[in-house]
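Based on these hints, arrange chain X on the given structure of chain S.
One-letter residues, chain by chain:
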Amino acid sequence: MLTAMRYASPTTVAEAVDLLGSEPDARVYAGATDLIPQIRAGRPEPAVMVDLKRIERLCAVSSSGSTYTVGAATPTADICAHDGLAAAFPGLVEASGLIGSDQIQSRSSWGGNLANASPAADTPPSLIVNDARAVIAGPGGERTVAAADIATGPGQTSLGPGEFIVEFELDEPPARTADAYLRLIPRTEMDIAVVGAAARVTLDGDGRVAAAAIALGAVAPTVVRVPDAEAALIGNEPAGDALAAVEAAASAATSPIDDKRGTVAYRRQVAGVLARRAVSIAAERARERGEQR
Amino acid sequence: MSRVHVTCTINGDPAEFLCDGGQTLLDALRDEAGLTGAKEGCGTGDCGACSIVMDGRLLCSCLVLAPEAEGTTISTVEGMASGDDLHPLQQCFLEGAALQCGVCTPGFLVAAKALLDRNPDPTETEIRYGLAGNLCRCTGYDKIVRAVQTAAQTINETTES
Numbered sequence: 001m002l003t004a005m006r007y008a009s010p011t012t013v014a015e016a017v018d019l020l021g022s023e024p025d026a027r028v029y030a031g032a033t034d035l036i037p038q039i040r041a042g043r044p045e046p047a048v049m050v051d052l053k054r055i056e057r058l059c060a061v062s063s064s065g066s067t068y069t070v071g072a073a074t075p076t077a078d079i080c081a082h083d084g085l086a087a088a089f090p091g092l093v094e095a096s097g098l099i100g101s102d103q104i105q106s107r108s109s110w111g112g113n114l115a116n117a118s119p120a121a122d123t124p125p126s127l128i129v130n131d132a133r134a135v136i137a138g139p140g141g142e143r144t145v146a147a148a149d150i151a152t153g154p155g156q157t158s159l160g161p162g163e164f165i166v167e168f169e170l171d172e173p174p175a176r177t178a179d180a181y182l183r184l185i186p187r188t189e190m191d192i193a194v195v196g197a198a199a200r201v202t203l204d205g206d207g208r209v210a211a212a213a214i215a216l217g218a219v220a221p222t223v224v225r226v227p228d229a230e231a232a233l234i235g236n237e238p239a240g241d242a243l244a245a246v247e248a249a250a251s252a253a254t255s256p257i258d259d260k261r262g263t264v265a266y267r268r269q270v271a272g273v274l275a276r277r278a279v280s281i282a283a284e285r286a287r288e289r290g291e292q293r
Numbered sequence: 001m002s003r004v005h006v007t008c009t010i011n012g013d014p015a016e017f018l019c020d021g022g023q024t025l026l027d028a029l030r031d032e033a034g035l036t037g038a039k040e041g042c043g044t045g046d047c048g049a050c051s052i053v054m055d056g057r058l059l060c061s062c063l064v065l066a067p068e069a070e071g072t073t074i075s076t077v078e079g080m081a082s083g084d085d086l087h088p089l090q091q092c093f094l095e096g097a098a099l100q101c102g103v104c105t106p107g108f109l110v111a112a113k114a115l116l117d118r119n120p121d122p123t124e125t126e127i128r129y130g131l132a133g134n135l136c137r138c139t140g141y142d143k144i145v146r147a148v149q150t151a152a153q154t155i156n157e158t159t160e161s
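Respectively, the protein sequence lines represent chains S and X.
Quick note on numbering: the numbering used here labels position 41 of the first sequence as 41, and the sequence is numbered without any gaps.
Quick note on numbering: the numbering used here labels position 32 of the second sequence as 32, and the sequence is numbered without any gaps.
So that you can see chain X by itself, here it is in the shape it has in the complex:
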């Protein structure tokens, strides 16, 4: 059957790929566009490991059909670092050991960035609610929450200075 041609912007660059009509955007990003950062955990929108931002909205790419991406602007975890410089969230996750197996980490990073973009100085409660759509079975979440707090502080200090 004929495949669907999708043109969009991914992490600031023009991108195009061919996909099947019923393929999820997660599968298309991984298998057609070669971006394997977003992970499939549950495939039903519960775990958030496939989190991406599409046209400014944080969403689970496993619940999006790939052809929906036509004309959209997408950000994935691959776009967070600037060259060799990690995003403060990535740096703080590393330094704070906010991960163990790492499967959930790309989703947490994307969701945490979306949270900080909207609310640069969140309370712990706001962080926990903001990341409620992301599941981690290794860390118990405390290290993740602390890493986001430290990253928020780092970003805010950099912005002020």
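Bound conformation, chain S alone:
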């Protein structure tokens, strides 16, 4: 199987764009950890598999001023081993490390996780609460969009023909800011999220929430932001009634499905619990960060 396809490994973004322009039935890939199983499960084989990993920009992590740039095909193993990213975005890095086994970690990437557009993907909620931007290359040149605007439904994205994600940009978080990600799966390891919850909290000098972002995975066709929960936190200490409001708002924001991993009712309840806990962890980290400065 898989033998009818051709393989291409462009070494520059421009070369990849030209290739995709001349081969309408080409598919870009990074780790292929989703793509090969999908083809084996019966999805049509593309005529050309375009391996993006030989393009330096796609696998590079750098920082300039207060912005990190992370290549879209960078293996999550490298992201987890990057001290700067782990310090700035602990929740996003935790989410990255939850994807699959060590074998999968060698290949899985933010770009693939986002562009595959699985509702249960682990890193998109964390990319979204951190206001990550995706730099997209295509026939019209490069454009930058919010990571939140990539997935439009299960397996569906806003990427146009011949477009692919080159890299992500993340701004260094402001003072007293931190994120967290929690995921529930039916076992300890090696499963897909029943619910994923990412939170990012900024505290003011008095320990009250100055800014908050909460995003849920696996409870709707795409990642769900919970503005009501965010609003309930602003101006309050991240405790008591404010956290109860977060839990209620998060549960209410979901529109989950029943499947073998969980029922609608279970997912709704767990979404609230995980959102509350993720906010607590993010707030505690934000507090510790404030003390360090």
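Watch out, some of these pointers could steer you wrong.
A few chain S residues that face chain X, going by a derived Cβ cut-off under 8 Å, partial list only [to be verified]:
(1) ARG6
(2) TYR7
(3) PRO10
(4) ALA32
(5) ILE36
(6) SER101
(7) ASP102
(8) GLN103
(9) SER106
(10) GLU189
Cβ-to-Cβ under 10 Å is the rule here; a few derived chain X residues that face chain S [unchecked claim]:
(11) PRO14
(12) ALA15
(13) VAL64
To be clear, the hints were calculated from the coordinates, so they are not data collected in a lab.
Using N, Cα and C, we set each Cβ at its ideal position, and we do this for glycine too.
Relative to chain S, chain X alone:
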């Protein structure tokens, strides 16, 4: 259709093979390079029976396209023993009966070696997480974990003495 010529290093030796563009590296290792140690269990990256190390990264060769191997350095289970001397992991798997049917064993050995190369003295928990990408339907894992612990001890004692 034209086949792809791949030049790489496998288990320390220069190697070359012809493959199809959409062939997996697992199939190319087995069918083109004649290295049948890596096994196909699931073909979807879940079971780890096809584990190899490519350019220092442990991965499932069933999820790698064979042409990706161009210019890389690959280690497979065939490279673990030195001549007739088994690697301590292989010896401990044998002595500890850490296998039954044996299909998963090459993947476990490669993954365990990658784990010990990175973390020479892992805890039981670290071993279990480190081998979470490898499935065994025979042993129940305990004997595998114990074999890795014994091998780590053996390697560390040899290194110290």
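Which of the numbered hints are not met once you compare them with the structure shown?
3, 11, 12
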